[in-house]
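Protein chains: 2
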Amino acid sequence: MLGAIEAGGTKFVLAVGPSPERITARHTIPTRDPETTLAEAAEWLAGQGGITALGIGSFGPVELGRTSPRWGFITTTPKPGWADCDIAGYFGGVLGVPVGFDTDVNAAALAEHAASGSAGGSLAYLTVGTGIGGGLVLDGQPVHGIAHPEVGHIYPRRHPEDRDFPGTCPSHGDCLEGLASGPAIMARWGMSLSHLPADHPGHAIIAECIAQACHVLFASVAVEDVVVGGGVANTPGLVERVAQRARELDAGYLPGTARHRVIRPRLGSEAGITGAMMLADGAAKA
Amino acid sequence: MLGAIEAGGTKFVLAVGPSPERITARHTIPTRDPETTLAEAAEWLAGQGGITALGIGSFGPVELGRTSPRWGFITTTPKPGWADCDIAGYFGGVLGVPVGFDTDVNAAALAEHAASGSAGGSLAYLTVGTGIGGGLVLDGQPVHGIAHPEVGHIYPRRHPEDRDFPGTCPSHGDCLEGLASGPAIMARWGMSLSHLPADHPGHAIIAECIAQACHVLFASVAVEDVVVGGGVANTPGLVERVAQRARELDAGYLPGTARHRVIRPRLGSEAGITGAMMLADGAAKA
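Those protein sequence lines, which keep their order, are chains A and B.
With this note's numbering, the residue at position 187 of the first sequence is 187, and numbering never jumps.
With this note's numbering, the residue at position 30 of the second sequence is 30, and numbering never jumps.
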């Protein structure tokens with residue numbers, strides 16, 4: 001039996017099942033302080049009986065370096081209490097099973113890649129919600145580099161009608177997250193994107209920001225698909241606008257252009273927990 | 001004996017040697033039409049005697065898909081006569097040896113990665129010259145995605161003093177290549193960057209463009225090093241300016257930030273041909 005945790009800043013989604021494609025029980029708990037949250041998650045997982053490996057897709061930043069003594073830690077997060085939290089070590093110790101560990105968005109990218117049916121393909125998963133993050137799978141493997149991708153913090157070129165907003169990112173001001181995350185949209189217009197009138201320029205402004213990120217991913221690593229998930233991405237028509245604008249930005253130039261797709265998650269909101277199940281499966285086989 | 005070709009739009013550099021680190025003979029020929037150029041290159045290589053494998057790092061776009069019938073082709077280049085040129089197939093046929101093939105910038109990235117001594121590390125090689133291109137090595141392997149990286153065609157955020165220049169890229173206007181390549185600099189100011197006075201705003205404008213690309217590579221794939229080569233990068237002080245500006249853009253945020261470096265090529269102008277020798281070595285062992 002595989003166990004899985006999608007560890008988010010607001011909630012932890014827990015699941016068990018015999019294979020990544022088959023979740024037989026699930027449970028969601030609110031994210032509070034680490035002690036309370038981790039203990040409650042471990043109790044539920046232990047109560048399912050017979051877990052042989054666990055996968056965790058976690059909010060970050062996290063340490064993924066296999067040779068680091070801090071592998072499996074949430075590291076420098078501003079979330080109160082959670083900095084330097086040894087989340088993988090905790091569950092490995094309490095449950096006594098091998099643990100697969102990656103970022104929440106790399107887990108989602110793994111699951112979306114598997115769902116695409118493209119064995120050797122390349123895919124990015126972009127989540128646009130409370131924050132903006134990106135996961136990346138190249139040739140079937142999640143990308144870590146020397147840490148992990150943080151594509152939410154690139155600086156998109158500003159839309160011509162969007163010159164003045166200073167952005168909300170405490171580190172970067174008007175990076176992608178500072179311009180187009182849920183809180184940035186709220187700070188700009190006092191409501192969510194899906195509540196703005198259909199003819200409001202905000203729709204084109206946010207689509208431009210996200211399309212710039214898609215173009216960066218197509219141009220810099222030649223992914224086939226950019227999957228756009230997260231709460232903001234549920235705004236009707238947004239992903240279609242982004243896809244159209246990304247095509248315009250490329251202008252048919254890039255060598256992979258005919259195969260580029262900007263799409264909604266094939267797995268919907270199941271991508272993250274399914275990816276965590278895949279991490280468990282990998283740990284079981286390691 | 002390994003043979004290698006660095007196939008550029010202006011010249012072909014040819015080399016042979018017993019290992020990638022040891023080039024024992026080299027020859028440079030001007031790039032003319034494919035028939036003349038390829039025949040002259042093949043004649044010189046055949047004359048060196050006993051080549052057992054060939055590596056080619058080529059200008060692009062190229063086809064790298066191993067299952068494609070057009071693997072080893074230069075594909076849609078606007079360079080007269082060179083579109084749909086089966087460059088790997090030509091040399092494999094004439095010389096009767098296995099051929100390793102990649103982009104010129106992936107070859108350079110491979111060689112710079114080897115020179116860095118970081119076995120599992122991640123590195124990008126950016127060339128800023130007649131065009132702007134990028135190669136990428138992650139976990140020791142060159143990145144292809146579904147085609148190959150073309151990071152010269154992202155849209156950098158414009159410098160505040162650089163709002164008006166429309167750019168020179170026929171496809172994108174003011175993409176990175178359209179703003180900061182050698183021909184773009186010439187079109188802007190009528191001279192090369194190294195001929196502009198030291199207090200000319202052009203230095204900051206070009207550094208800003210290239211630093212945006214470095215930040216994109218740090219944020220999207222978490223490379224450790226961005227190596228900046230090419231003719232424009234030889235401008236005194238430019239790479240140092242780019243490194244400084246990239247640090248400012250990151251603001252200490254990214255999880256790998258302490259290890260990020262923007263540097264000049266460790267191998268100087270030898271990166272491309274050394275990488276092509278490495279491709280030959282890989283083909284010999286395949």
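Derived by calculation from the structure, the hints in this document are not laboratory data.
Predicted, not measured: the structure shown is a model, and the values here were computed from it.
Just so you know, even glycine gets a beta-carbon here, dropped at the ideal spot from N, CA and C.
There could be a bad hint or two in this list.
[Unchecked claim] A partial selection of chain B residues facing chain A, derived with a Cβ cut-off under 7 angstroms:
id: 1; residue: 65
id: 2; residue: 151
id: 3; residue: 219
id: 4; residue: 221
id: 5; residue: 222
id: 6; residue: 253
id: 7; residue: 258
id: 8; residue: 259
The hints, checked one at a time:
1. 65: Nearest chain A Cβ about 9 angstroms off; hint violated.
2. 151: holds (5 angstroms)
3. 219: With Cβ-Cβ at 5 angstroms, under 7 angstroms, it holds.
4. 221: holds (5 angstroms)
5. 222: Residue 222 (chain B) check passes; min Cβ-Cβ to chain A is 3 angstroms, inside 7 angstroms.
6. 253: holds (4 angstroms)
7. 258: Violated, because the Cβ-Cβ distance from residue 258 (chain B) to chain A comes to roughly 10 angstroms (cut-off 7 angstroms).
8. 259: With Cβ-Cβ at 5 angstroms, under 7 angstroms, it holds.
Taken one by one, the earlier hints fail for this structure at numbers 1 and 7, listed in ascending order.
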